[in-house]
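Enquirer: Knowing the structure of chain L, use the given hints to seat chain W on it.
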Amino acid sequence: MLPGSLLRFSVRGDEVVPHFLLENDLPWLRALVDERERFVGRRTCELEERLREPLPCASPAGKRTLASHVLLRLRGIQRRSAVPSRVARAKLFGEAARSPGCSDGVLASVAASLRVTPGELSDSLFSDLPGESLVAPLEEPLCPGQLALRTNLLLAQALLFRATKLTIEAEGNSRALVRHAKLRGLICTVAQREQPQVAALELSGPLSLFRRTLLYGRTLANLVPQLAWCKSFSLHAVCSLQGRPLALELRSGDPIFPGGEPRAYDSRLEERFARDFRRAAPGWDVVREPEPVAAGETLVFPDFALQHRLDPSRRWLLELVGFWTPDYLARKLASYRAAGLSNLILCIDEERDCANGDLPPGALVLRFRRRVDAGALVRLIESPGYPASIDTCLTGN
Amino acid sequence: MRLVFDRGTVLIPDTPQDVDLADVRGLLWDPRVKAYRAPARRYIEVMKDLGRRGIPFSDGVPFWDPARSQDPRGLVTAPGDWSAVALRPYQEAALCAWELSGRRGLVVLPTGSGKTRVALAAMARTGLSALCLVPTRVLLEQWLREIRAVYADKVGCFGDGHRDLSPVTVATFESAYRHMDRLGNRFDFLVIDEAHHFGSGLRDEALEMSIASARLGLTASPPRSGSSLARLAELIGPPVYELAVSDLAGRFLASFDAITLHLDLTDGERGTYEELMSIFRGAFVQFRRLVPEGSWQDFVRAAARSAEGWRALSAFRQARKLLAFTSAKREALRSLLNRHQGSRTFVFTADNESAYAIARAHLIMPLTCDIGAKERHEVLARFRTGELRALVSARVLNEGLDVPDADVAIVVGGALGEREHLQRVGRLLRPTPGKRALVYELVSRRTMEVAQARRRREGLASRVTAQI
Numbered sequence: 000m001l002p003g004s005l006l007r008f009s010v011r012g013d014e015v016v017p018h019f020l021l022e023n024d025l026p027w028l029r030a031l032v033d034e035r036e037r038f039v040g041r042r043t044c045e046l047e048e049r050l051r052e053p054l055p056c057a058s059p060a061g062k063r064t065l066a067s068h069v070l071l072r073l074r075g076i077q078r079r080s081a082v083p084s085r086v087a088r089a090k091l092f093g094e095a096a097r098s099p100g101c102s103d104g105v106l107a108s109v110a111a112s113l114r115v116t117p118g119e120l121s122d123s124l125f126s127d128l129p130g131e132s133l134v135a136p137l138e139e140p141l142c143p144g145q146l147a148l149r150t151n152l153l154l155a156q157a158l159l160f161r162a163t164k165l166t167i168e169a170e171g172n173s174r175a176l177v178r179h180a181k182l183r184g185l186i187c188t189v190a191q192r193e194q195p196q197v198a199a200l201e202l203s204g205p206l207s208l209f210r211r212t213l214l215y216g217r218t219l220a221n222l223v224p225q226l227a228w229c230k231s232f233s234l235h236a237v238c239s240l241q242g243r244p245l246a247l248e249l250r251s252g253d254p255i256f257p258g259g260e261p262r263a264y265d266s267r268l269e270e271r272f273a274r275d276f277r278r279a280a281p282g283w284d285v286v287r288e289p290e291p292v293a294a295g296e297t298l299v300f301p302d303f304a305l306q307h308r309l310d311p312s313r314r315w316l317l318e319l320v321g322f323w324t325p326d327y328l329a330r331k332l333a334s335y336r337a338a339g340l341s342n343l344i345l346c347i348d349e350e351r352d353c354a355n356g357d358l359p360p361g362a363l364v365l366r367f368r369r370r371v372d373a374g375a376l377v378r379l380i381e382s383p384g385y386p387a388s389i390d391t392c393l394t395g396n
Numbered sequence: 000m001r002l003v004f005d006r007g008t009v010l011i012p013d014t015p016q017d018v019d020l021a022d023v024r025g026l027l028w029d030p031r032v033k034a035y036r037a038p039a040r041r042y043i044e045v046m047k048d049l050g051r052r053g054i055p056f057s058d059g060v061p062f063w064d065p066a067r068s069q070d071p072r073g074l075v076t077a078p079g080d081w082s083a084v085a086l087r088p089y090q091e092a093a094l095c096a097w098e099l100s101g102r103r104g105l106v107v108l109p110t111g112s113g114k115t116r117v118a119l120a121a122m123a124r125t126g127l128s129a130l131c132l133v134p135t136r137v138l139l140e141q142w143l144r145e146i147r148a149v150y151a152d153k154v155g156c157f158g159d160g161h162r163d164l165s166p167v168t169v170a171t172f173e174s175a176y177r178h179m180d181r182l183g184n185r186f187d188f189l190v191i192d193e194a195h196h197f198g199s200g201l202r203d204e205a206l207e208m209s210i211a212s213a214r215l216g217l218t219a220s221p222p223r224s225g226s227s228l229a230r231l232a233e234l235i236g237p238p239v240y241e242l243a244v245s246d247l248a249g250r251f252l253a254s255f256d257a258i259t260l261h262l263d264l265t266d267g268e269r270g271t272y273e274e275l276m277s278i279f280r281g282a283f284v285q286f287r288r289l290v291p292e293g294s295w296q297d298f299v300r301a302a303a304r305s306a307e308g309w310r311a312l313s314a315f316r317q318a319r320k321l322l323a324f325t326s327a328k329r330e331a332l333r334s335l336l337n338r339h340q341g342s343r344t345f346v347f348t349a350d351n352e353s354a355y356a357i358a359r360a361h362l363i364m365p366l367t368c369d370i371g372a373k374e375r376h377e378v379l380a381r382f383r384t385g386e387l388r389a390l391v392s393a394r395v396l397n398e399g400l401d402v403p404d405a406d407v408a409i410v411v412g413g414a415l416g417e418r419e420h421l422q423r424v425g426r427l428l429r430p431t432p433g434k435r436a437l438v439y440e441l442v443s444r445r446t447m448e449v450a451q452a453r454r455r456r457e458g459l460a461s462r463v464t465a466q467i
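Chains as they are written, first to last, in numbering that gives the first Met the number 0: chain L, 0 to 396; chain W, 0 to 467.
Treat the hints with care, as some may be off.
[As the list claims (entries may be wrong)] If you want a taste of the chain L side facing chain W, the calculated C-beta under 7 Å gives, among others:
id: 1; residue: Ala60
id: 2; residue: Glu131
id: 3; residue: Leu133
id: 4; residue: Ala135
id: 5; residue: Thr188
id: 6; residue: Val189
id: 7; residue: Thr212
No lab work stands behind these hints: they were computed from the structure. Just so it is clear, CB atoms sit at the ideal spot from N, CA and C, and this is done for glycine as well.
Pulled out of the complex, with its shape left as it was, chain L reads as follows (with noise of 0.2 Å):
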């Protein structure tokens, strides 16, 4: 992670304000890049000290500093050594604690040992070692506006690493940010929502609460690059900085580089599941990944919703549960009841039950092998009367 010395900020009240690079920022960048170009084949080391000294165009020296570091992180094809590094040290280092005396006979002779030339056993020397490793032409050009989105996200993230605590409104992906969040520890809890489509998060670790520690510094950064699939996001972080707590604020439309595109469905069970249904039922849409429902005081986070394309009020949320166990859909089912959700359908795979017993009572299940079958479903949500009950448990396949 980023040394503190390179954060970009300044401080207005207790807010801090990340020094983004933006497209003013794109000539000296330039020539950032073309430096790095210019010192292919020479140690990294020269480079790293080139990018200390003065730009053909002006550059503000911290931006360029952070802007310096990423350059210097990238790696590029990488040429092998004459001499595996490794094998050129214990023979060169062995031989002269052996026969000591002239340096230059030392080398010569071990070169003629390994059939390369002195030159060649020098540069393979430490050639495998940072700093010291030679640049190396990178696979694809970069431009400066790549390298301005890298730099913004190492910075927004460097400065999540100090992060004691977040709130994050985000409009889609919300479920991957709590699984993100949850998978790593942290406690995560729904706030205050004013428009229903977006999820309202608090993140913070257990250890929080008694401290302000950077702790989890590390998982709440990370979030950034889920953040930047959300179709809206703001995010109101607690960091350590300048040895006080600093409020930051990142929202949707900070350049921040997205890191890639984001995968339509969590598997093929679900792609294909839409897929089906689309066919199945042309008079209604399918939705992934809706919007949470909140369930007491927990947020549900349902795979897909089914909406009649005539009738708004013929609405179902459907969840695919993976390795589930009687007691598991018992809790799950018991928190839907609590906050009033008769319209949520589990699909439930026979094939992954992980424990022996029988399935909770009055839940509304479909079960399948493998595949959902979409014509059940839609049998059962066009079927007159629903929603009557929750206490039909139906068998697909």
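Expert: The following block gives chain W in isolation, referenced to the frame of chain L:
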């Protein structure tokens, strides 16, 4: 009511409504999960307080391993797993002091005096499941070797790409910091090597998140400042036993001579140095005028905000780089290496770049943090057998590394001050019959190195004085 371990904390998830835990020591109400919570470090304290109040509870905190039928809590089951660990009288006294302090505290002994032996004996005598925390990957390997020599069962390793857990496990500080939320309830005893790294806030959470009640910190240079020392006392315990180099020199540690060689810059180097330093001084003096109490860090922060400050910092860096390996140092090093061809020699530099430059110029094997674990291991083995006579390093050799035979150190440059110097000198103090170690320090005249060298010597002198 049940106590459970939750990611480095102790949680009481289902407090009965008629029980008030608000003033139980260590517990706080966590509104996020609607339960009482305490840092794992306070586990015993919480249990005792609940017991005193007569509040019934079941304890689900310690890790319960169903595979260990005899003692599923994970205690080291067979004392026979440990061979006898022979101790010198002062090591025995240190262990005794630690036990008398309720199995908590810092043992402060000079480098080379066998702190690890004290820890091994403590683990063997207590028979507790133990997690040893070490600062570097090099020390991880070394501790594993040392424990395996006296402990017959499998030794776990957590760090440097390994994730093996056993009742006796060694972990790096970084791995412990990142994974103590899962490891925190598995060990009853924490051994913390180079414990002075804790107490300043950095990675302290690793110690917060463990339920271990027995804690032994080892260091040669404990922090002297009030706040760090107080925090260490909270996390590990207070200093319980302390000896200085002079207490052991001659009998248990080798004696040494420290020689400072004052060297001149060439005319070209002098001109460049003065030019760079005048750029730096201009900005620094101006900063001092505006912020008389400002620290170096304050200056760096302020300087990074202006082009002038930026130039000053750049000039300072270049001046330091110039001093790292001057022509005179190059010649002096050549001469010293020739003079001590038959000795085992460490060359210490300020940075890796200088280490590689020396390695190329004098064909000495570098041992830096960039060198992989396997190669490092081979290099140290070759150094032990005498196949390599000298090693050059910036920081890897500073701390804890067990290299028994070195007898000459040449300090070409340093960046970290007195503590670093003390540790470097300590590398030479492992005793062999008739040994008198030599420490050379190469200092460029009329440069910033003169003051640095003076501070290092003062630091060394204060630690050489008895401090029992």
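Enquirer: If a hint holds in the structure, say so; if it does not, say that too.
Expert: Checked hints:
Interface restraint check for Ala60 of chain L: the shortest CB-CB distance to chain W comes to about 4 Å, inside 7 Å, so the restraint holds. Interface hint status for Glu131 of chain L: upheld, as the beta-carbon distance to the closest one in chain W is roughly 6 Å, under 7 Å. Against a cut-off of 7 Å between C-beta atoms, the interface hint on Leu133 of chain L is violated, since the closest Cβ of chain W lies about 14 Å away. Taken as an interface hint, Ala135 of chain L does not check out: its beta carbon lies about 17 Å from the nearest beta carbon of chain W, beyond 7 Å.
Restraint check, Thr188 of chain L versus chain W: the minimum CB separation of about 5 Å is within 7 Å; hint holds. Using the Cβ-Cβ criterion of 7 Å, the hint placing Val189 of chain L at the interface with chain W is not satisfied: the shortest such distance is roughly 10 Å. Look at Thr212 of chain L: its Cβ gets to within about 6 Å of chain W, closer than 7 Å, so that hint holds up.
This entry does not satisfy hints 3, 4 and 6, going by the numbered hints stated previously.
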